[in-house]
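Protein chains: 2
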Amino acid sequence: MSETDSESVDDKSAASEENAPEADVAPDFSRGEGLLPAIAQDVRTGKVLMLAYMNAEAYAETVATGHAVYYSRSRRRLWRKGEESGNIQRVREIYIDCDADTILLKVEQIGGAACHEGYESCFFRRIEPRPAKIVDQRIFDPRNVYRNS
Amino acid sequence: MSETDSESVDDKSAASEENAPEADVAPDFSRGEGLLPAIAQDVRTGKVLMLAYMNAEAYAETVATGHAVYYSRSRRRLWRKGEESGNIQRVREIYIDCDADTILLKVEQIGGAACHEGYESCFFRRIEPRPAKIVDQRIFDPRNVYRNS
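Chains as they are written, first to last, in my numbering: chain A, 8 to 156; chain B, 8 to 156.
One or more hints might be untrue.
Which copy is meant is left open, because identical chains are indistinguishable; a pair holds if it fits in one copy or across any two.
Stated by the list, open to error - Distance condition first, Cα-Cα at most 25 Å in a straight line; then the derived SDA-like pairs of lysine to any residue:
| no. | residue 1 | residue 2 |
| --- | --- | --- |
| 1 | Lys140 | Thr72 |
| 2 | Lys54 | Gly118 |
| 3 | Lys140 | Gly89 |
| 4 | Lys54 | Glu91 |
| 5 | Lys140 | Gly93 |
| 6 | Lys140 | Glu100 |
| 7 | Lys54 | Glu90 |
| 8 | Lys54 | Asp148 |
Hints were generated in silico from the structure; no laboratory data involved.
Build the full structure now, drawing on both the sequences and the hints.
Okay, structure coming up:
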């Protein structure tokens, strides 16, 4: 299963009774060049807050600390969510998808805003149906949270 | 903004009043080598169903038809969700994240199961906290849905 996407029809063999899915599977960091997408969803409301990436080290630290740690592709280092803004994410549950190449975190978002632009969710813009619309309210002004550094 | 991740502190400038976010932004397919992650979420329950990838063509067809179309990385072609199983996704709303490099679809999942393994959601396994557990019920048996082809 490690060589195929979830969309691969070959994966159906994994669902046979002889080869039923195991609950106790780990994220497969051999895929995606060591980076897997991780979705953060509010554990109470179900709102999708953001998507970022994890490498094996970020995932291990997330599990060990209970706080979301991602890997910043632009800064090429671990990104401890909230390290600058204080808006950490307490991780309540972690799910893995059928191919073990996408992670879903159910989190408690401290500060009420996951987005660096000050919105609760990074998905604050609905682009379809038209007209596009900003659908969230700003929780904070980024200029007051992020200092020049 | 196109060169940075959402985690980049440089992005904070985009949130100033002089450069406020625009609602009417399009997915930026110049990033991620032309493939962007797309999260499908049940429009009624808020359940996260799956994550797949879209290229510009898949996105355009999704908007034009109102049915989710992804790009299969393993098969290297458009993947019209439900083309084999019949379990199409009717796309009700589309959201874009702050960096315009992740897509969120709010969908109506026909057939009640998004996962090729027969579960409502591809995230049917909770791996933390331990012990890991399969948390969903199978909606269908994949052997009855996917024919050898």
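Where does the structure disagree with the numbered hints, that is, which hint numbers, in rising order? 3 and 5
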